[in-house]
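Just so you know, the protein sequences line up as chains P and G, in that order.
The first sequence: position 39 = 38 (numbering that gives the first Met the number 0), numbered continuously.
The second sequence: position 116 = 115 (numbering that gives the first Met the number 0), numbered continuously.
Some hints could be false.
If several chains are the same, the list does not tell them apart, and a pair holds so long as it fits within one copy or across any two.
[As the list claims (entries may be wrong)] Within a straight-line C-alpha distance of at most 30 angstroms, the following computed BS3-like cross-link-like pairs (lysine-lysine) qualify: (1) K51 x K1; (2) K19 x K51; (3) K29 x K19.
Calculated from the structure, these hints are not laboratory results.
There are 2 protein chains.
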Amino acid sequence: MKIMDYASVAPTLIDNDQAKAVAARVVIGKKDGADHFCMRIFEIMPGGYSPKHAHAWEHEIFVHAGVGEAYGNGQWRPVKPGTVLFVPSGEEHQIRNPGRERLVFACLIPSGVPEL
Amino acid sequence: MKIMDYASVAPTLIDNDQAKAVAARVVIGKKDGADHFCMRIFEIMPGGYSPKHAHAWEHEIFVHAGVGEAYGNGQWRPVKPGTVLFVPSGEEHQIRNPGRERLVFACLIPSGVPEL
Chain P
0 MKIMDYASVA PTLIDNDQAK AVAARVVIGK KDGADHFCMR IFEIMPGGYS PKHAHAWEHE
60 IFVHAGVGEA YGNGQWRPVK PGTVLFVPSG EEHQIRNPGR ERLVFACLIP SGVPEL
Chain G
0 MKIMDYASVA PTLIDNDQAK AVAARVVIGK KDGADHFCMR IFEIMPGGYS PKHAHAWEHE
60 IFVHAGVGEA YGNGQWRPVK PGTVLFVPSG EEHQIRNPGR ERLVFACLIP SGVPEL
C-alpha cells in the first residue's frame, strides 16, 4: 500500500496561453502499478483556469477544497467541496477559479493516455 | 457533463459483522456511461470501520475530510485530508475512524467488479 500526502509530490506548474496558474500532480499512476486508471491532483490558484478543451477520454473529478466554476454543456456551473463531476469522452470542458482560495480537486483518467 | 454534490446520492448503510457505521455512495458508475472506472464516496462515522479484506482489484483513494487510520503491509498508519492511498490488487487493507468527526474519502475501482 502506498500512503502519502498529495502535496509531497512536486507539482508541474502550468501557465501558458491555454491554462493559467495551475499546479498539477500525478499521485497514482503507471509507475505505481496502477494499470487501469490514474489519479491526478490539480490546484488552481485564484484567477487561474484549466484549458477549455475536449479529448477522447473521460474525467472523473472530486472537488476537495475551494470554490470554482465548471464549464460543460454550454454553461458555467459552481463547484465546491464535495462536488462530483463526470466529463464524458469528447465533451468540451474547463474549470476556473474566480474565488480567493486555492481550488483543489482530484481528476482521474483511464490508463493509456498522457498522465499529465 | 454530470455535476452534483456527492451527498445528494442516497447512501447505502453498511453495518454488519465485518464493517461498522459506513455510508457508501456510487457517484460515477456504469449508469453514467463510465466504462473504465467507478467513483464511490465513503463516510465512516466515529468508531466505524471498513472490512479488513483483500480482493482482485485495486483501490485509488483520496481522503477528503476527517482523520482515520489505514491498515496495509501489516501496520496501521494515519490518514487525513489530502492523503492519497493506492491499494494494489490482492493486498489486505482496512480503514477505521477512531476520531470524533466523520471520515470522508473517495475510493475508485476499475470497471467489471461490484460497484458496491
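We went through each hint and held it up to the structure:
{"no.": "1", "hint": "K51 x K1", "in the structure": "between (33 angstroms within a copy, 17 angstroms between copies)"}
{"no.": "2", "hint": "K19 x K51", "in the structure": "within (11 angstroms within a copy, 43 angstroms between copies)"}
{"no.": "3", "hint": "K29 x K19", "in the structure": "within (27 angstroms within a copy, 33 angstroms between copies)"}
Against the hints set out earlier in the document, no violation occurs for any number.
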